[in-house]
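First to last, the sequence lines map onto chains A and B.
The opening position of the first sequence corresponds to residue 1 in full-length UniProt numbering, with each subsequent residue numbered one higher.
The opening position of the second sequence corresponds to residue 1 in full-length UniProt numbering, with each subsequent residue numbered one higher.
Just so you know, these hints were derived from the structure itself, not from any lab.
Hints may contain errors.
[Stated by the list, open to error] Estimated spans, in silico, between C-beta atoms of each pair: (1) A:Glu35 to B:Gly434: 40 to 48 angstroms; (2) A:Val286 to B:Pro367: 36 to 44 angstroms; (3) B:Gly402 to A:Thr273: 33 to 41 angstroms.
Ideal Cβ positions, reconstructed from N, Cα and C, are used throughout, including at glycine.
One-letter residues, chain by chain:
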Amino acid sequence: KDILYSVLQKTIRPVWAVRGLHKSAVEVLKRPAPEDTVTASFGKFISEVKPQHLSSVVLHRSKRMVLDSIGVGVIGSTTDVFELALQHCQHMYAPDDISSVYGRRGTRLSPTLAAFVNGVATHSMDFDDTWHPATHPSGAVLPAVLALSDMMSANSKPSGLDFLLAFNIGVEIQGRLMRFSNEANNIPKRFHPPSVVGTMGSAAACARLLSLDPSQCSHALAIATSLSGAPMANAATQSKPLHIGNASRLGLEAALLASRGLEASSLVLDAVTGVAGFNAFYEDYVPQPLKLPNDDSHMFLLEEQDMAFKRFPAHLGMHWVADAAASVHKVLVGFGPGTVSPAQVQDILLRVPKSKYINRPFPDSEHEARHSFQFNACSALLDGEVTVQSFTPAALRRPDLLALLSRVRMEHPQDNPANFNSMYGEVQVTLVGGDILKGHCDTFYGHWRNPLTNESLRKKFRNNAGAVLPSEKVERLIDVVEELDRLGDCRALLSQLQ
Amino acid sequence: ALLKGHTASFGKFISEVKPQHLSSVVLHRSKRMVLDSIGVGVIGSTTDVFELALQHCQHMYAPDDISSVYGRRGTRLSPTLAAFVNGVATHSMDFDDTWHPATHPSGAVLPAVLALSDMMSANSKPSGLDLLLAFNIGVEIQGRLMRFSNEAHNIPKRFHPPTVVGTMGSAAACARLLSLDPSQCSHALAIATSLSGAPMANAATQSKPLHIGNASRLGLEAALLASRGLEASSLVLDAVTGVAGFNAFYEDYVPQPLELPNDDGHMFLLEEQDMGFKRFPAHLGMHWVADAAASVHKILVGFGPGTVSPAQVQDILLRVPKSKYINRPFPDSEYEARHSFQFNACSALLDGEVTVQSFTPAALRRPDLLALLSHVRMEHPQDNPANFNSMYGEVQVTLVGGDILKGHCDTFYGHWRNPLTNESLRKKFRNNAGAVLPSEKVERLIDVVEELDRLGDCRALLSQLQ
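Next comes chain A alone, as it looks inside the complex (with noise of 0.2 angstroms):
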């Protein structure tokens, strides 16, 4: 390459002066020094980050994270779209038996096959944390970096310490890129954030795990950019947890095609005209570059923007209705026989942001119900709250529900954005004789602006993870996850799974 510039200089310096030179050879010699690059910033922090930089509180809640999703991934494989995936897996690919699969006990897979079939499962019933902006961070890396760590040999498995910064990174990565774009701050029109920025995470996670140096950490960031991307269309079907499964499965792939000196582009997060990078996922783009931290500290995205972690398993949107309503049901109930009937009912309107995406009048199917403002809604109005059960075949089905739910009607008002962080939801039920009622909600329980306690937290957990593993096992994962940061050998994690 030396020789390449010195040739350039010499005969270019006596041709400038004697013609013009064509734009595109001044621009190659404006090409910003590798160092200097987003994306070599990112291959840096990646590679460089010390644990010490995890301050205390992101510690704490990036533990409640990885509790949350191992629960909601142990409940997961009790799904058919889980099975199948599984079923796929273990047919179209030789048996092999290094890492676990969630809630099966005795049933491992090759790597990226386990990070694929624990991330269906971690995503399958919608159960997973969201952020803000919009995805869901933990399906994306954690099943990619157990897998990984069930891959690695005896004597050089990850302490609890090494696998939680792991963690943390694949998260930070993801915020990182998210605030690239103003457009990802608002429900998705294009493609499902968690296949743009959740292959980005996993990659950058497994890239650490793996102790790639820099340029490889940004190779494996470019690698899964080509991985990365499903549009809307198949979030609420059946297909959607396989965009989390697959962002943990190709991630983990890229890192170690990367490890393995697999080169792709060293530009891929910085905007180059006319030749597409990961801004191809955007429409605006503005990226900056990630700072290594200081002896101080980094203020990883998490202190500032915690996570939401859901009650009930549906999208996050359907969390306001389902308090607002469920409020509606309080007050119902203190008049009548104890419960609602459709009967007393004559309309209900609902005040929620415009979203085609989560807008259904009569979902016809577990996945639709789970985007549906308005079946959550009537679902709460009626029991009085929304839970694992409300999405059962029988619930789906409910005389009671179908009648509340014809006489349901939307408004979009201009005060309520289609955005996480500022949307609010009303309820307002017409009753027959004429009295109206309203439930109001702007930051549902579970919102980071109101977290969930550590107890309901642990609840939750037990709820889910106790519908399939041992209550012993349950509470060792507690515990273990309690301690995570201090473990001095992530086993103690990876052998309670299942």
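Use these hints to put chain B onto chain A, whose structure you have.
Frame of chain A; chain B shown alone:
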């Protein structure tokens, strides 16, 4: 506006089109594609990136004995992994076929179809005609999808087309081979959509071949998941406002339904639009400037001592379409060199041709070549669009004495307007496949592919690939 029914029409076509709908022109052209693709894949098995991909698969998964790997006797992998490595091989040297609108159709489809055929049980192996029909379905779906967008006609800027339509083509071909019903075929396409779309930045890097490898692999995977009953969006190809489906990959997108053939026949796009085959392993655009520069070389060599020397040359002006992707004044890797107007023009000027050997590490560093590269200027005339159907390449060399020599190429030999003869195609195949396989296998492959639509059992093809 909500336009419905396109997704369903595609599913129906994939499931119900019949072998008799393949005209003799389409049979002939698609067999040429199969032969060329195998040859390119076999020589591709000698590349570093192929070796890396193969080792990754062999180490990260348990050993499996199902589907053959190109050029490696005795090496087999799980089906999706074989599709992956064979796809990587196919695109590893940028030597594979190119269509209009631009994509590399065969590398995304053939490896998946071969891997799947290897997987199918002995008593239900596809016939040669089944395989060829599935292959053509995979190509057809790619062509139909690209016609949904005007953007697709120009050299791409956002997503690398093989990763957008190639994955869909692979899913379609495999869905057909798996005999999925129309609804399952539609779902295969929808599942594949979530696995499509790699940005252009990674093209002209070592990772580019993985785009084709993954298109093949993930399309096959989508079809396999659909065969297990997985469902996705039934409107994925339709343009639904507010929720992007396949149109996420395009700025302008106008879907059309795919009509099921009536008894008269179905006009496969391959009949209206032939394929381009490359004569040397580089981006298609390079072939114009190479042919133009080669004609200048001929004249120069006519003048002098039989070789071209940089000392003779004062200035080289290239008049080419404007495309950042293939404008690389000083490529510093093999991958970049395959995507550099400047490099290919200068190579052809020096040597009279561009060949496989033009991209070796030694060739990349030749002092004569570097000297010529420093004399190159570029112009992007208005009448030269970045479009494989309409572009031209012009090379104007100003000699030290003042003489100006000009070469101009509108249609290189191998372009669909001036297709390689069968003899030239076989010569390319023999050079490629013969670099790895014994000559008996090379000749048997030529014969088997020629007879493919008449083969009772595709094993005669499957057994010759390594």
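Going through the hints against the structure:
no.	hint	verdict
1	A:Glu35 to B:Gly434: 40 to 48 angstroms	46 angstroms, holds
2	A:Val286 to B:Pro367: 36 to 44 angstroms	43 angstroms, holds
3	B:Gly402 to A:Thr273: 33 to 41 angstroms	38 angstroms, holds
Hint violations for this structure: none, all hints satisfied.
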